[in-house]
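Peer 1: Model the placement of chain B on the given structure of chain A, informed by the hints.
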Amino acid sequence: MTADGAILQVRGLRKNFPVDGGRHLVAVDGVSLDVAAGETLALVGESGSGKSTVARCIVRLIEPSGGDVAIDGKSILSLQPRPLAGVYRRIQMVFQDPNASLNPRMNVRQVLDEPLRLHLDLPRAARTARVRELVEMVGLGAVHLERYPHELSGGQRQRVGIARAIAVSPDIVILDEPTSSLDVSVRGQILDLLLDLQKRLNLAYLFISHDLQVVQHVADRVAVMYLGGIVETGPTESVFGAPRHPYTRALLSAAPVAQWGVTRTRLRLSGEITSPIDPPDACRLVGRCPLAQPACATAKPALIEIGDDHAVACPVVTERIPTC
Amino acid sequence: MSGELLEIENYSGAFRSPTGELTPVLHEVSYRLKTGALTAVVGETGSGKSLVALSVLGIQPPSFVRRSGRILFRGVDLLGLDEKAMRKIRGAQISMVFQDARAALNPVFTVGRQLADVYQLQHGGGRSAAMKQAIEALRRVSIPEPARRARQYPHEFSGGMAQRAMIAMAALICEPSLLILDEPTTGLDVTIQSDIMELITDLCRVGGLTTCLITHDLGIVAETCDEVVVMNAGRVVETGSSQAIFTQPQDPYTRRLLAASQLVEAAA
Chain A
1 MTADGAILQV RGLRKNFPVD GGRHLVAVDG VSLDVAAGET LALVGESGSG KSTVARCIVR
61 LIEPSGGDVA IDGKSILSLQ PRPLAGVYRR IQMVFQDPNA SLNPRMNVRQ VLDEPLRLHL
121 DLPRAARTAR VRELVEMVGL GAVHLERYPH ELSGGQRQRV GIARAIAVSP DIVILDEPTS
181 SLDVSVRGQI LDLLLDLQKR LNLAYLFISH DLQVVQHVAD RVAVMYLGGI VETGPTESVF
241 GAPRHPYTRA LLSAAPVAQW GVTRTRLRLS GEITSPIDPP DACRLVGRCP LAQPACATAK
301 PALIEIGDDH AVACPVVTER IPTC
Chain B
1 MSGELLEIEN YSGAFRSPTG ELTPVLHEVS YRLKTGALTA VVGETGSGKS LVALSVLGIQ
61 PPSFVRRSGR ILFRGVDLLG LDEKAMRKIR GAQISMVFQD ARAALNPVFT VGRQLADVYQ
121 LQHGGGRSAA MKQAIEALRR VSIPEPARRA RQYPHEFSGG MAQRAMIAMA ALICEPSLLI
181 LDEPTTGLDV TIQSDIMELI TDLCRVGGLT TCLITHDLGI VAETCDEVVV MNAGRVVETG
241 SSQAIFTQPQ DPYTRRLLAA SQLVEAAA
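For the protein sequence lines, the chains are A and B, in the order given. For the first sequence, counting from 1, position 60 maps to 60 in the numbering used here; every step adds exactly one. For the second sequence, counting from 1, position 254 maps to 254 in the numbering used here; every step adds exactly one.
Isolated chain A (complex conformation) (with noise of 0.2 Å):
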């Protein structure tokens, strides 16, 4: 892990929702991540992983059950609505559905002119002219600044999205499926802009998507989410290039790929994802592993290091190499 100059480190985060009975939702358990400054690290898992609460956990949308957020080394989780706003210059988030993200009584102008008068303290005319530039980053003229979303395209509105959480020149930006809801042609210059606008800010991103190729494209590290834990991380091109985990595996050659002669040879997990109310101390993939043993139904797995900053919760692949 990379635990030098992380802008963002997250410890231990838990979240769990009551439901009917006295019982539990475990809907994150136990993740730790760092970013650091001008990476992506990618958060990839399937509906129910728990990536989006870890997202909103961070940033406080909702408030953890257990565990730590640090930006800068300074834990935000204790802190009161005031000061939390001001972590609020460092730290920003674009979400999945622009259309439900951007007040539709609001146009550009006013959408991109509140975070710069809730967060910095402008003259009116350097806000205009901020509002100004912002819309032409992400790719927009001036003539979209009096429109409503309702006017804009899917692929504008992101923009639109993207110019909110740039416009207090935050380090670091979760980005929640930002492109999950465009069409393919769209996707790809939406990335192309969130990849321009990393370079130039030198903006982290966390970005969290189901999308292995949208991942595989922009991520420096990835970490792979099942069920509320993490179960392999590390760098991009050795997470798909050897992945290691039974998990990351079933989830890698499942994906489709839009090439002829392409045979994936699938690993296959049994059944459907288990539930996550109450769950055993087991490996949260057990009853649907290939590779199952049964000490996997005994105790929850730990991330192990295989080296190269590669780590995966599977007792069963990495005791068979020697741990570096």
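Check each hint, because a few of them may be wrong.
As the list claims (entries may be wrong) - Here are a few chain A residues that sit away from chain B, every Cβ distance over 12 Å (derived from the structure):
#1 GLU46
#2 GLY48
#3 SER49
#4 VAL135
#5 LEU145
#6 ARG187
#7 GLY188
#8 HIS210
As the list claims (entries may be wrong) - Covered, in the sense of this in silico footprint (three residues per stretch, anywhere, with C-beta under 8 Å from a C-beta of chain B), are these stretches of chain A:
#9 212-225
#10 254-260
Claimed, not checked - Taking CB as the label site, the calculated pair distances span:
#11 LEU25(A) <-> ARG255(B): 40 to 50 Å
#12 PRO104(A) <-> GLN250(B): 39 to 49 Å
#13 GLY86(A) <-> ARG16(B): 52 to 62 Å
Hints were generated in silico from the structure; no laboratory data involved. Backbone N, C-alpha and C define an ideal beta-carbon position, used for all residues, glycine too.
Peer 2: Structure of chain B alone, referenced to chain A:
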């Protein structure tokens, strides 16, 4: 019967606004579905791919106005049939699977009951015989414990399981000659998507079912489909075998779509 099961010829039409204005949305769409083949109709939002499929079943939105064209199913123009004749075609000969299976199922009846009802409607017979067929159909689409699952309601099904049940209904209970699937795996996780696509290809390959897959995802097309129709903005821009479309795309739009779908090189 060999050759083409369905031929769409110069199908054009427009949407009529409340004020009577016409907005053209389909421009001389022509494509053919070969008997026994799995054909993909690929396009992005607004390409008209779903609208054409809905027209095949005669369930296009009321605001859609046809301007020209024919849809020939076994040589008969479906657009010339009255509602009574269409009802004999729907389900029995052409059936359709929609994107959101849980929304397509009726929430107040058990899944088994819905399959059994369709079985009785298509084939007659008694309730208990129909329920047996329903359970058998659920078993054939690999739903575990089909007898128990048949007694459950749609909300008790996951998205992937509900889509299996819909495929069981559309393909196995109805036994159509043509199965149209409109974005059947959109919104499902990749591992589930892969399973559903294997089920669809099995039905087509083993059962010889002529299948039309409407999708925006070229990834699932490359490894499953025989023929591809590419649509953009209400026009068919290119048709050909999967291999030809993926290895030698001719139309500039097809090339752009392919490039946008291939962010990364496939691992060997």
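Peer 1: All hints are to be evaluated individually against the structure, with a verdict given for each.
Peer 2: Verification of the hints:
no.	hint	in the structure
1	GLU46	violated, 4 Å
2	GLY48	violated, 9 Å
3	SER49	violated, 9 Å
4	VAL135	holds, 24 Å
5	LEU145	holds, 25 Å
6	ARG187	violated, 7 Å
7	GLY188	violated, 5 Å
8	HIS210	violated, 7 Å
9	212-225	holds (count 5)
10	254-260	holds (count 7)
11	LEU25(A) <-> ARG255(B): 40 to 50 Å	holds, 46 Å
12	PRO104(A) <-> GLN250(B): 39 to 49 Å	holds, 42 Å
13	GLY86(A) <-> ARG16(B): 52 to 62 Å	holds, 55 Å
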